[in-house]
Amino acid sequence: MHAVGGKILYVDLTTGEMRTEETTPDLVKEYLGGDGLAVKLFTDNMDPSVQPLDASNVLVFAPGLFTGLPVPTGGKCLFLSRSPLTGTIAESVMGGNIGAEFKMAGYDALVITGRSEFPCVLRVWDDVIDIKGGSPYWGMVTRDAQEAIRRDLRVSSVACIGPAGEKLVRYATIDCEDRQCGRAGLGTVMGSKNLKAIAVRGTKDLTIADPEELIRLDLELQNTMENSGAFMDDTKYGTGEFLNWVNEERGVFPTRNWQESVFEDRKEIDPYYWAPRYTLRSKGCFGCTKACGKLFVVQEGKYSGTKLDGIEYETLYSLGGECSNPDIEALARANEVCDLLGIDTISAGVCIGFTMELVERGILSTDDLGMECRFGNPDAVVEMSEMIGRREGFGKLLGEGVMRAASEIGNDVERYAMHVKGMEPPAYDVRGIKGMGLGFMTSPRGACHLRSGVYALNLVGKFWRWDNVDRFAAEGKGEQVKAMEDFMTVYDSLGVCKFSRGFFLIEGYIPFIRAILDEEMSEEEILQVGERVNNLKQLFNYSVGVRREDFYLPRRLTEEPIKDGVAKGAIITEKEMHRMLDDYLDARGWDNDGKPGESKLRELRLA
Amino acid sequence: MVAVLVSYPENCTGCRFCEMICSLYHEGAVNTKKARLRVQKPDIMNDIPLVCTQCITCGDRCCIDSCPEDAISVVDGVVTIDGGLCTACGNCKKACPYGVIWIDKTAHKCDLCGGDPMCVKFCPSGALRFEEADKDSYASLLTAWRDD
Ligand code: SF4
Ligand code: SF4
Ligand code: SF4
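Chains as they are written, first to last, in our numbering: chain A, 1 to 607; chain B, 608 to 755.
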């Protein structure tokens, strides 16, 4: 079969047992790859009574269907498991080269269960798979571990966890070439399995039905991309390109733990300021000809020596505005600390911002914390990131995530804890983007902008099927979020970057599927894969007890209107929350409690 | 002087599209290990595209001299392997200072895609160019990264 590695690899780290299964054409048609395939394999193999940090939790790794093939922006891969942060099914996508390497080794997915008795590295070298001792690398930061393992085990690509994953910080990342599966604590799951790294060398061919046609399509797509304004902005300034616009024109940049929605001191954290001063060149994910990453280097001063692939928009919020940190060099350093120790910058930043608010309110004292952890203190952001990553001092509690930290602190501080289902939110103040609010509520992995991506079409006002979208209205958002969730799931299953959706809608990939697989798939069929996958996710979540009351927003967003900027006064009322949710459940064909209905499941061939 | 591939690592984004497209164009399948150029990533700071210099700089380490069968020669400015004579002994692969020859039943190396290099066409950042070059264009590459 074209485009695929051909096999699914199962490894049990407790017994050392390994086996493979064939990747069937039916599986590819129904689930494509990436997210779709991972969800299918996870739900087939996972017992809902198994807890996230139990040895029996299932961790799936899957490259997208297009990963490893020359499709512009199509090199993504993902990990998926039951999240230690949210308790729900959760995936996280990254652009490191391990996805492509793994497919060239002959596989489309890796299903890991069990727990090794000792720290280990799983090595996949084409057909030879072994579990190597990982003790020499245990404790190493992500970059060092990758270099050492690549050298020692003679592989081409390594995905690993940092010390935070080993110590079970609940939002630990998995890193490959300075690209991370950042969200939902999948690195924690690896740590709980004593699995430091996955190391791969693949030397096999990936075939394509019609290479000439693919090359022609590539040239066409490359042309479209290069001639679009968004391409230029992305390659020059990275994902933070629209930071000023989000603040000034839309007023939805969460600041000071979401107490404000415009960050006044944003001058330095705006890429239009820092990119010309600190960026050496652009960096891309594997297979991406758009390269929105930036090689950011600090050459002098206190944080001299800092170097990283970043800084992404989300991190400019979480370690910047959220903590009222106006200092780009400290922000870069904090970002690097998170990457090296292996923690999610979004969750870390929100945990730090939360702490700063408690200090501001006098609920915590800086004596308790052993540092001046206050809004506007850049050094505190760096220091606290380090303490979270190393699980030291107050960082130990913050490493549990803001939901657990709040319940531990007590004193009704839950009202300041920003999270949905336990996951800290990304950089969109949804009070001014109601559809995105619904997206936070319904995302299977908790507060997330990427499951639906409805922020973009609401902020701009139009996209795909919609025109004149009113971001402040609650009407029509159920249908929108449902459709966009299915849409985005297709991107994660094909392994293409969501940032290419601006150039290329689903129908744009029909000729690619034809050239690569020699398969005819309609837009409807492709979108149905997305819908199927989202129903499977909710079936799992329902089986672990996710119900209507778990689709909610943090209290602050339904109680306090936006205080400043052009979105001043905006709020999502309880009533609107329920109305949007009802519309969504209707659009999904799920019952009032979130249970997928029989007829929907039959329609999707899931029952 | 004739045009050859020249690499500008300071522009490279590390996307490795060049490797994928090179193998697809020549082998009809994607396999970065079969690309006739490669992108070396020694650490986070560097992405170094290593390309065939068509013998401009190779000197006494050139694949041409290393071949016991005299299977390699310069044809119209392109260092070319005669597959009929090649015995896949691997000497040329060892000799190439850039490590851009790969071997299965015969040795394979960059043929400049017959004069319209695919890798250059797809490189999004100007890290690969098809232009006239002299020894100096490659000097920094060899000092930046050398796979001995
Ligand atoms: S295509 Fe260009 S930018 Fe991408 S890896 Fe190759 S040389 Fe570097
Ligand atoms: S293949 Fe290597 S040794 Fe031969 S000409 Fe090219 S660069 Fe020189
Ligand atoms: S010029 Fe052609 S053969 Fe040579 S490296 Fe580039 S794509 Fe490969």
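In case anyone wonders, no lab produced these hints; they're calculated from the structure.
These numbers were taken from a predicted model, which means no experiment stands behind them.
Note that the Cβ used here is the ideal one computed from N, Cα and C, for glycine as well.
Treat the hints with caution; some may be incorrect.
Ranges of calculated distance between the beta carbons of each label pair, as one might list FRET restraints [to be verified]:
(1) A/Ser522 - B/Ile710: 41 to 47 Å
(2) A/Ser56 - B/Ala636: 49 to 55 Å
(3) A/Glu22 - B/Val682: 43 to 49 Å
(4) B/Cys696 - A/Arg154: 47 to 53 Å
(5) B/Asp677 - A/Ala209: 36 to 42 Å
(6) B/Asp711 - A/Glu22: 32 to 38 Å
(7) B/Val681 - A/Gly16: 49 to 55 Å
(8) B/Ile710 - A/Ala148: 26 to 32 Å
(9) B/Lys742 - A/Glu300: 42 to 48 Å
(10) B/Ala746 - A/Ala148: 44 to 50 Å
(11) A/Asp47 - B/Ala636: 35 to 41 Å
(12) B/Ala695 - A/Asp210: 45 to 51 Å
(13) A/Arg374 - B/Lys742: 55 to 61 Å
### Hint numbers contradicted by this structure
2, 4, 6, 9, 10, 12
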